[in-house]
Every structure is written in C-alpha cells, then in structure tokens.
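Peer 1: Single-letter residue listing:
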Amino acid sequence: MIDSVPDTPLHQPMAPAAKAAGKRLSPSARRQRRAAWLFLAPACVMVALFVLYPILKSISLSFYSWDGMTDKTFVGLANYIELFHAPTFYTALKNNLLWLLLFLLAPPMGLAIALYLNQAVAGIRLVKSLFFAPFVLSGVVVGLIFSWFYDPTFGLLALILGHGIPVLGDAHYVTFGIVFAALWPQTAYCMILYLTGLTGLNADQIEAARMEGARGWALLWHVVLPQLRPTTFMAMVVTIIGALRSFDLISVMSSGGPFESSTVLAYYMYDQAIKYYRYGYSAAIAVVLFAIMLVYIAWHLRRLLRNEH
Amino acid sequence: MFPMPIDHWKPVNRRLYKLTLPLALLVWLLPLIAVMVTSIRSTEELTEGNYWGWPKHFALFANYHEALTTSPMLHYFFNSVMITVPAVIGAIALAAMAGFSLAVYQFRGNLALFATFVGGNFVPIQILMIPVRDLFLQMGLYNTLWALMLFHIAFQTGFCTLFLRNFIKQLPYELIEAGRIEGAGEWAIFWRIILPLIRPALAALSILVFTFVWNDYFWALCLTQGDDAAPLTVGVAALRGQWVTAWNLVSAGSILAALPSVMMFFAMQRHFVAGLTFGATKG
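Listed in order, the protein sequences are those of chains A and B. Final position of the first sequence in the working numbering is 309; the numbers increase by one with none missing. Final position of the second sequence in the working numbering is 592; the numbers increase by one with none missing.
Hint data in this document are derived by calculation from the structure and do not stem from the laboratory. Virtual Cβ for every residue (Gly too), placed ideally from N, Cα, C. Check before you lean on any hint, since a few could be wrong.
As the list claims (entries may be wrong) - DSS-like mimics (lysine-lysine), calculated; alpha carbons at most 25 Å apart, straight line: (1) B:319 with A:128; (2) A:275 with A:72; (3) A:128 with B:327.
To be verified - Computed footprint of chain A on chain B; a stretch qualifies when at least three of its residues, placed anywhere within it, have a C-beta under 8 Å from a C-beta of chain A: (4) 324 to 338; (5) 418 to 427; (6) 458 to 472; (7) 495 to 509.
As the list claims (entries may be wrong) - Restraint ranges, calculated between C-beta atoms of paired labels, are given here: (8) B:325 with A:154: 32 to 42 Å; (9) B:371 with A:166: 23 to 33 Å; (10) B:316 with A:171: 45 to 55 Å; (11) A:69 with B:398: 29 to 39 Å; (12) A:298 with B:391: 33 to 43 Å; (13) A:299 with B:324: 44 to 54 Å; (14) A:164 with B:506: 54 to 64 Å; (15) A:69 with B:536: 22 to 32 Å; (16) B:483 with A:124: 34 to 44 Å; (17) B:328 with A:203: 21 to 31 Å; (18) B:537 with A:171: 30 to 40 Å; (19) A:27 with B:502: 20 to 30 Å; (20) A:37 with B:398: 19 to 29 Å.
From just these sequences and the hints, can you work out the full model?
Peer 2: What follows is the structure, given as structure tokens:
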C-alpha cells in the first residue's frame, strides 16, 4: 500500500554554509530556487486567477448592489441585512442543516455495507465494484433517476406503496426525498473508503482480541473502529463537504421548490444571481456559505499542517 | 480479518450469505436497472402504463436513435469530450510541476502555498461563481468550451497538487541527489526521474478528475447559455423538460451520459479507488 511507505523528508536539508552566507546563495542553490518558482508559476497563475481572486472579488461584491450590467452601487451591509430578514434564507439554512444531519448517515451505512462485503467469496470483486457504481454517476443522472422513481402516478415508490405520494411536490417531503437520492452515491463512496480501511487492519490485534473472547459488536467497537479512525475522519470530511455543496440534485429534482421549500444556500445563491440578476445579494449569500465552510476548512488545514511537523 | 472470514462460518450461514449477495445487489442497483430496462422500452408500452414490468417490445435501437437524433446529444457529447480531455491533461500537467516544486524545494512560503492549494479545494464553489462568470464575459470566452476547460483546469489543479505533492514527498530524496551528481538539470530531474516514478499516481488522478469534470453540472449551467458550449449533463437535464413523459428517452440519454465515466471506472478500477483513498487517508 502507498500509505505504508515511511514519510521520509524529501526537502533538501539547508546547508549550514548557505545559511551562514545569508543572501549570497551558491549558483546551484540559486538555480534550484529559480526552478522552484518556474515549476510553480503556471499552477499559481491559474489558481490565483480562477480561485483566489474570485473569492476576494465575491466578498467585495457583497457590499454592492449590482445587476451585472449597469454600474455597481456601494450599499454597505444592506445585502446582509436584507438576507438576515429573508425567510428563504432561514429555510435554506434549515435545509442545509437537514442535509448535513441526514448525510452523516452515509458513513455508518457505508461501513455496514463494507463489513457485509468484506468476504473472500467468488465474484466479490465484481459485486464490490457494482456497489460502488452509483458514485461514478453524475448528479444529474441520479437526480433524473430518482425523480422518476418518485413520480406519484407510475413511479416505483407509488408501486411499492400501492398509492402515490408527490414526494417532490410536497414541501414536507421534498428535502427528504432529495437527500435520500443523494445518500445513494455518498454511501457508495463511504463504503469504498471503509473497504480500503478494512484491508489495512492489524490482524494480530484482532486475533488477540478474539482469543480474549471479543466477538461481534464488542470487537467492532473496541478494536476495529479505533483502527479505522483515519477512514472515519475522511468519510466525515467528504460527507460534510458534499452536504454543504449540494446543488445538482436540488437543481434537477425540484429547482428549490415547491415555493423554495427545498432550497439550500448554494441553490438560493445561484437562483438569485441567474434568475433575478441580483449579483451583490447573491454574493452575500455565497460569503455566508463560505464563512460557514471556513470554520471547517480551518480545522481541516490545521490538522493537515500539524501532520507536516 | 474482520468480520470473521466466511470459511469459519456454519455452512448454513455461509449459504445464506451467498444467497443474500445477489439480492442485496439487486436492491442497491434497482434504480439503475430500472433505467436500463426503460431505455429499451417502447413508447407504446409506456403509454399503455407498463412502466415496471418486463418490456414486451424492445425498442433499444429506436430509443437511442431518437435520443441521439431528435436532440443535439452528439453535439453535447462532443462538447463534454472537448472540455474534459484537455482539462484533465492541463490540470495534471500543472499539478505535477507544482507538486514537484512543493515537495522537493525548500523555500519561504512553501507550506503557505501548499495550504492555499489545499484550502482552495474546500471552498464552496458558489463563492467563485459571479466573478468567474464575469471574468469570462470580459475575456469574451463566456459560452465557449474554453471557459469550462480553463476553469476546470484551475480548480482541479489545487486538488491534484495536494495529491501529487504528497506522493512525490514519499519518494526517496537520494534519487534527486543522485540525479544532480550525475549533472542532470532541474527539468531533467522532473522529467526523467520523477515523472516515470509517479505514473501510477498520474493514472489514478486522471481517472478521478475525468469523472469529476465529466459529471460537472454547476459550472456548465453558469458558464454556458443555449446549446453551443453546453456539455452532456446540461443536455440530459434538458431532455426531461422537452419530453415530459418520455422516460424511455430520458433513460437512454442518462445511460449515454453515464457511460464514459462508468466505463472508465470499470476499466481502471484499481487506479480509481487508489486515487480516492490515497487523497483520503493523507488528510
């Protein structure tokens, strides 16, 4: 496995002589420094232009009123004030929270399927791959499949229940219906993470625990899950990001409706920009979403950089 | 091994397990199977209300033919290819160089730059939407394949750099020192020593990025208008509006849209999974 390779530092240790010489680097050190920046330059330009600059620009835009064509007018915090008074904002926020909570079912369900499939029987590799297939599908395709599934007149759900429920047309059910569809590929993703995690388990520890009489749940809880902690962490990371980014399925299945009852911040923002040309206002929504995710990005980066030392 | 290997189970349970496997698979893939069956179902049958029974008349050719010809499916497909292939190559090329630089050279700001690349991955894409759209409008690239291609290169570069930098960092540094002693320049070290060694990582990444870009819908909506530069995801979503009840055509379109990434996945499965989990456990 890739991960078992020891993390040997590849950094060239700074030669003491070069340090003592201060700014006067040796020709080879200078050549290397130049190479370092030349290798980095194209990626930096692209990321700066299409990722960093747009973030700053969105933040500044959120203080303006702008329709995308005429001149921008500075309005201070007006966009934010309006946002915090808009009922749709709270619906979106509530739905984001609902997505987050329900989406977190994906890691345990993924683990359950992984445990179920982690056997060496004939054809299991194909079965595992087929279980993973939903993850490879586009959100658009998953959305279309489930819209059809939910169709109250002839959908599969109506067939199973014996009567139709307009899942996507009912404000009470719509978000649950969409999240259920989204859980399908997400669970597949978590499953594959756990299947990989399970192959890396320490067999000796498990044998030792079995010798001492640990079985089933106890073994899973006290021995296996602690070993799977990095996998669980990752499954949570991708699930949380996935929940906050949810857009494709909402767009395809309900367009945020009925009456904006299934909107989330990401979709609300898109809607305000594309349908109503309210660029400043929708930038403010994006900034709020960004701020929520920033807490999470900061936590993740801290963890990542701590591993570097 | 956990759970207990099946060989140690009671024979009854073993048989039961093997029996439930295909059933579980059937339930799990039911939506997909339904779509496949529907994509070969004839329109007459759908109007008769036979949505879920086994199709009596097969209309495989008719449905796919109609989906391909009555809507600009082939055009969308072509657009998707023209966006995705250059985007994958571009992002991987930029990220290989950047990852190499971040892994091998020590300079002030190395870690800060790395953190920026990683952080960029987790940004909600909506915060990029308006400025990126505006940028392409100003450049005159809005509603062209270039816009989607360039944006995907930039966005995926961050993710690929994280992945490749960590991969290169695990290679033994002596290789590079040996190269330098032999008199190889920095470019030769990258091209002749590092690139061949990271080939498995490059394969894993290309598959992963291919499916990400191929399946993208958000940027396709934001950066295109009408059919000119719209990729397949937009085309398939539009199929639904055009034929409200023609689920057989929508199904055929969905299958066509899903086919490339599904085929890629099955062909390069090992790489795909390695990519997902490598990026994963490093976090």
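Peer 1: For each hint, tell me whether it holds in the structure or not.
Peer 2: Structure-based check of each hint:
1. B:319 with A:128: With Cα atoms ~23 Å apart, residue 319 of chain B and residue 128 of chain A stay inside 25 Å; holds.
2. A:275 with A:72: At roughly 18 Å apart (the allowed maximum being 25 Å), residue 72 of chain A and residue 275 of chain A satisfy the hint.
3. A:128 with B:327: 14 Å, holds
4. 324 to 338: Three-residue rule met by the segment 324 to 338 of chain B, so holds; n is 7.
5. 418 to 427: holds (count 6)
6. 458 to 472: holds (count 8)
7. 495 to 509: holds (count 3)
8. B:325 with A:154: 32 to 42 Å: 35 Å, holds
9. B:371 with A:166: 23 to 33 Å: 31 Å, holds
10. B:316 with A:171: 45 to 55 Å: For residue 316 of chain B and residue 171 of chain A the Cβ distance comes to about 52 Å; the hint holds.
11. A:69 with B:398: 29 to 39 Å: 36 Å, holds
12. A:298 with B:391: 33 to 43 Å: 38 Å, holds
13. A:299 with B:324: 44 to 54 Å: 47 Å, holds
14. A:164 with B:506: 54 to 64 Å: At 58 Å between Cβs, range holds.
15. A:69 with B:536: 22 to 32 Å: 24 Å, holds
16. B:483 with A:124: 34 to 44 Å: 41 Å, holds
17. B:328 with A:203: 21 to 31 Å: This hint holds: roughly 28 Å between Cβ atoms.
18. B:537 with A:171: 30 to 40 Å: Given a distance of about 36 Å, which is inside 30 to 40 Å, the answer is holds.
19. A:27 with B:502: 20 to 30 Å: Holds: the Cβ-Cβ distance is about 21 Å, inside 20 to 30 Å.
20. A:37 with B:398: 19 to 29 Å: With a Cβ separation near 23 Å, residue 37 of chain A and residue 398 of chain B satisfy 19 to 29 Å, so the hint holds.
Consistency note: the structure conflicts with none of the earlier hints.
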